[in-house]
Amino acid sequence: MPGRYTPLLILSALVVGLQLATAATGTSYYLTQLTMTAYYTLVVVGLCILMGYAGQISLGHAGFFAIGGYTTAFLTTFNLAPHAQQPVAALLLRTGLAVSGRDLYGAALTTLHPGLAFLCALALAAGVAVLIGIPVLRLKGHYLAMATLGFGLIVYRVVLGTPALGAADGLSDVPAFVLAPGVKIAGGAAGRIANYYAAWGLVILGALLVLNLMHSRAGRALAAIHGNEAAAQALGINTAAFKLRLFVFSAILAAAAGALLTHYTGGIGPSEAGIMKSVRYVAIVAVGGMANLWGTIGASALLNFLSLRGYFGIYDDAVFGGCLVGMMLFAPQGLRARATFDRLRAWVRGRRRT
Amino acid sequence: MTTPLLQVRQLNRRFGGLHAVKDICFDVQRQHIKAVIGPNGAGKTTLFNLIAGALPADGGEVIFGGRSISNWPAHRVAGAGLARTFQNVKLFGNMNVLENVMVGGHVRSRAGMLAGMFRAPHTRREEARIRARAGELLDLLDIAGLADRPAGALAFGQQRAVEIARALALEPQLLLLDEPAAGLNRHETGRLGDLIRKIRALNITILLVEHDMSLVMDISDEIVVLSFGEKIAEGRPAEIQRHPEVIRVYLGDDHA
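Residue numbers (the numbering used here), protein chains in the order written: chain A, 187 to 540; chain B, 88 to 343.
The hints are simulated quantities; they were obtained by calculation from the structure and are not laboratory data.
By construction, the Cβ of each residue, glycine as well, lies at the ideal position given by its N, Cα and C atoms.
Check each hint, because a few of them may be wrong.
Unchecked claim - The calculated SDA-like cross-link candidates involving lysine to any residue, where the alpha carbons are at most 25 Å apart (straight line), are:
(1) A:Lys326 to B:Pro160
(2) A:Lys326 to B:Gln174
(3) A:Lys326 to B:Lys177
(4) B:Lys177 to A:Gln271
(5) A:Lys326 to B:Met182
(6) A:Lys326 to B:Gly239
(7) B:Lys177 to A:Gln519
(8) B:Lys177 to A:Met476
(9) B:Lys177 to A:Pro367
(10) B:Lys177 to A:Ala426
(11) B:Lys177 to B:Arg212
(12) B:Lys177 to A:His401
Said to hold, decoys possible - A few chain A residues that face chain B, going by a derived Cβ cut-off under 10 Å, partial list only:
(13) Tyr291
(14) Arg343
(15) Gly347
(16) Thr348
(17) Leu395
(18) Ser402
(19) Ala416
(20) Ala417
(21) Gln419
(22) Leu421
(23) Ile423
(24) Ala426
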């Protein structure tokens, strides 16, 4: 099918172009926010296919993001040195799955290898997604929205109330994660460009997987579930199983984003698990046009970047809430849909008349 | 006589105080066209939903191809080779006609989510096969010209044809048609009769619910008559037309 990958190539070119532009204009400090934007965009890519394509809303994806981030932060900062004699810690050390070093003050510090912590983060998010998804995905529409909202709220209150997770302060001093030789997920000006490409590379990879999925047998099954669940079942589609698998996939993407952003910024706080974060992801998918992967990525890049640069000031959350309300009122099909402009025009005309 | 393809045994379903399907028993022989008729509210669609697994039964058994499929979920029933259409056509409005029919090939293909994401080589061959098969079915139904049209934008009669093509993509042994002639004009109904015969010629057994008596009498090998959830008659069209109980139910006591 010619042209399917064209937007992906355009996205790749934009990513490279943006980096070159910041280098040329001496504004490479923008890359920090652009890198963070990429991780938030990865969440939205997963949410786009879940909501837009399969029609299953989730107002709890910040919960999965936080599960990823907090699991990573906890496992890579929890000091195993005092427990080095215990069999599990000893085994981890012997197999190289734990790394030893010294902390800021020179005390012995032994922590889990970031790669293993990353896998644990993904596995935990997947496990939680299965446990939550089985009962919750039987619900539809508003009920599903409320149930996932409740899940997000639980994660938020748990991280806020758990001293081991830093309570209101969150966790910090998360070490770097060496993803590949020369690519170290960590803050700091030195690795800025590598981190930028690693993060957007992941977005492009995620988009590629989602794009392939949309044009496959499973993708048709997901769209069929969105179109008419009873008909999908009558055609032999195990709708519960497909919804669950997709939910787990999107949760894994969110957890991966959370874990890597935590390495990048060196820590994570409870605000990442907040309800407004979940609303923000949903608002971005709505602005992007629900099933429109490219619109969603574009909306995410723009809105997240502006937000991270602080352009929205104290109205940060209000902007995203406003986006959601505005989109639902005037453009439920997304900004690109032609009907949107007709509706806006009609609304303006109606206003004038009264 | 060989064993029937479908055996319905003492099937029951209540909705609160309403006994919608009451002790229904009948068989459908292989390669027969069997019709279920009855006044509105007789329980015909409920009976279909029970057979297809869209509703759980309160009691009784459904045996399909010698296997009990009682209370199987709908997707498993479909996988066993039992396809259906809906009284109020249920197409996927978010897809075009060809894609709708391709969804019908779901149970005849295997690629899962991971295979789809990574475009495993065998999935591409499978996709090509599903697409080709869907195209053949559009030809069979004489709607090949609609392949790229959004399913939601079609005329009602065309939507019915797409739904039948989609059901046939399952390569079913038994096809349940729920009021296939509803909303069709005389000419379209005539063509539907021909189509149903053509489908039977493909070795597919057909069970249909229908109100259009001329169509039912014309194509059916056998007819089951329901009234208020109970079977009141079963037999060949000529027998049913003379059956006093059927005449009473349809026309009132004076005519019996």
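TODO: Report holds or violated for the interface hint on A:Tyr291, using the least CB-CB distance to chain B and a cut-off of 10 Å.
DONE: Since chain B brings no Cβ nearer than about 46 Å to A:Tyr291, farther than 10 Å, the hint is violated.
Task: Residue hint A:Leu395, partner chain B, criterion CB-CB below 10 Å - done: holds, 4 Å
- [ ] Starting from B:Lys177, check that the Cα of A:Gln271 is at most 25 Å away, please.
- [x] violated, 64 Å
- [ ] Quickly compare the C-alpha distance for B:Lys177 and A:Pro367 to 25 Å and report which way the hint goes.
- [x] Violated. B:Lys177 to A:Pro367 sits at ~53 Å, over the 25 Å cutoff.
TODO: Would you check whether A:Ala426 satisfies its interface hint, that is, whether its CB is within less than 10 Å of any CB in chain B?
DONE: Where the cut-off is 10 Å and the nearest Cβ of chain B is about 9 Å from A:Ala426, the hint holds.
Open item on the list: Checking hints one by one. Is A:Ala417 an interface residue toward chain B, by the C-beta closer than 10 Å rule?
Closed with: holds, 4 Å
- [ ] Let me know if the C-beta of A:Ser402 comes in closer than 10 Å to any C-beta of chain B, holds or violated.
- [x] At about 3 Å, which falls below the 10 Å cut-off, the nearest Cβ of chain B leaves the hint on A:Ser402 intact, so it holds.
TODO: Sort out whether B:Met182 lies within 25 Å of A:Lys326, counting only the CA atoms.
DONE: Status holds; Cα separation ~21 Å.
Task: Restraint check for B:Lys177 with B:Arg212, where alpha carbons must lie at most 25 Å apart - done: violated, 29 Å
Task: Given hint A:Ala426 paired with B:Lys177 - CA-CA distance at most 25 Å - done: holds, 19 Å
Open item on the list: Tell me if the interface restraint on A:Gly347 is satisfied: Cβ within less than 10 Å of some Cβ in chain B.
Closed with: violated, 36 Å
TODO: Could you grab the alpha-carbon distance between B:Lys177 and A:Met476 and see if it respects the 25 Å cut-off?
DONE: holds, 22 Å
Checked against the numbered hints listed earlier, the structure breaks hints 4, 9, 11, 13, 14, 15 and 16; every other hint is satisfied.
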